[in-house]
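> Here is what each chain is made of, one letter per residue.
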Amino acid sequence: MNTKRLRILVIDRNKVRASIIEEGLRQGGDFDVIVADDMTRLMRHVTDADPDVIIMDLASPDRDTLEHALQVTRAVRRPIAMFVDTTDAAATEAAIDAGVSAYVVDGLRKERVKPILDMAISRFNAVDRLKRELESAKGELAERKTIDRAKSILMKSKGLDEQQAYQLLRKTAMNQSRKIAQVAESLVLAYSMINDEDPK
Amino acid sequence: MSAERYGRVVRAGFVPLIDSSMLVVAHELGFATAEGLDLQLVREASWANIRDKIAVGHLDVAHMLAPLPIAVNLGLSPVRADLIAPMELGLGGNTVAISLELAKELAEDERIDPNNPAANANRLVRAVLARARAGRPRLVFAVVHPYSSHFYELAYWMSFAGIALYRDVDVVVLPPTLMADALAAGQVDGFCAGEPWGSLSVARGAGVIVTRKTKIWRSAPEKVLGVRRDWSDRHPDILAALMKALYRAALWCDSAQNRPQLVTMLAESAYLDLPKELLGLAFEGGEGTSLATGEGFAFSSGAATFPWVSHALWFYSQMVRWGQIPFSDATMETARRTYRPDLYRSALGQMGIAIPTANAKLEGSLLKETAVGSSNGRLLLGPDEFFDGRVFDPDHVAEYINGFSVHTQISISE
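If you read the sequences in order, they're chains A and B. Every letter in the first sequence is one number past the one before it in the working numbering, and letter 102, counting from 1, is 102. Start counting at 1 in the second sequence, then tack on 1000, and there's your number in the working numbering.
Take these hints with a grain of salt, some might be off.
[Unchecked claim] Pairs of lysine-lysine, DSS-like flavour, derived with a Cα cap of 30 angstroms:
id, chain 1, residue 1, chain 2, residue 2
1, B, K1053, A, K110
2, A, K15, B, K1053
3, A, K131, A, K179
4, A, K131, B, K1053
Just so you know, these hints were derived from the structure itself, not from any lab. Predicted, not measured: the structure shown is a model, and the values here were computed from it.
The following block holds chain A by itself, in its conformation from the complex:
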């Protein structure tokens, strides 16, 4: 019984992340991985998958639904599922920090669960990092657009060329200890107010 392949159910509305976690688990060990993203059939997923471990996004509003489903199915046939090892405070903290919640069938040995949880945590963190990188790339792109707009305002109203316009922005930013993008944003906003334009 102890050596049977573990069945892991990954519940995530975010399909991309779910597949990243699935892939990690498949590479990391000999597991059966089942992915569910349809929350309206949560109870059915749990019953059908009959999982040993369930991984779920901590930010999901469906955790209460899942826990109740586990309680109810327990009454039918499964032993209680536990939040991962609450005696291991460090592991629990790491999971919560990464935004992972995990449920483990009672009686499953800790060393069998640990690699699964570690993998889930690292994949959640990786997805998070990707998201942050994407956001900062988006921000950078927006900044660049604002700077271009500010340059063209300066070129038009002061008769500067592009290089001079940029240098003026940079000098002003340095003098005021602000970022070029911030100076550009102020300029675009002020210009649009004076000229009744939409700053975008």
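With the hints as your guide, set chain B onto chain A.
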């Protein structure tokens, strides 16, 4: 910008619901700052998150379902924690809504008077039996959590007519924001949730309100301030300051002239992130669901923030009744020790407000607004009757439980 500038930090978790108002207002309007606190609000998507994060210490205090700290202390949840509830966060606000299809089964013309829970429970049991005879699927009702006032109110109401949740009717748990959609989509036949979700179902033409919290048990508890016991022991002064700030926020929330501002505040994306019109429904009710005095949310009036030990024990009695915990003196003591009127009294005593002198009351014995013994001046408690006329005596919990004909089979040893 040192931490001192903003005061002592309190990290408070909340679920975006109307009854998180006191925390939101204490933060937004400076009641917390005035008490020397830097109240940091952390929005959480589930009660499971609230529970886990307070257990590991990521949160110091939290907005909680009133029975939740009791359930956690009784070991009914997957994480261990020792919690206390030194304050309630107001009363009222839940409705039970059913689908139009089910409403037709209750009354041919769909005219259902939400003010008559007894008659509606009797109609419901006929529908349950008719469905069973016809071989139709069982009814499915949704609640927000198994350890919630919603669950116990729904169960109490239905049991009047002999219906037991799980045995006769299926139960699912859904986030309140999804309730109205689930009802409209036919995924559930009814639900018990805080407002505005019941009124929204009515406004959308998808449901009918069949009864409400205030009709099942008047002046009944809803949410509490949950606190880790060790945090409270280490920071009694911070907790007292927080409770004062929350009390001032409760007074502010109860003032009718502040309602529009409260609605605007709650509607913001950092809090409930919902349209103002929808939140208006929660406070005023809607077409055909308008609220009479005493039927809506109450934040401070009638000792609405006082953590009655009799509230804790009533929840305990229902946990036993529905088979969630076996009865024993030890588990009852755990439930009793969770609610802390002593801390409430020591924190708010200096404010010159009227605080009940008793820790517990006979729940269901006040049929009208009644003046009771209090520390400062006159204190009026609202009527607290149950719709079936029962009275809960917190000194005779076992007898109370045994007095119900509908419950899951338990053996009570005393």
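> Hint compliance check: list the failing hint numbers for this structure, sorted ascending.
Violated hints: none at all, because every hint is consistent with the structure.
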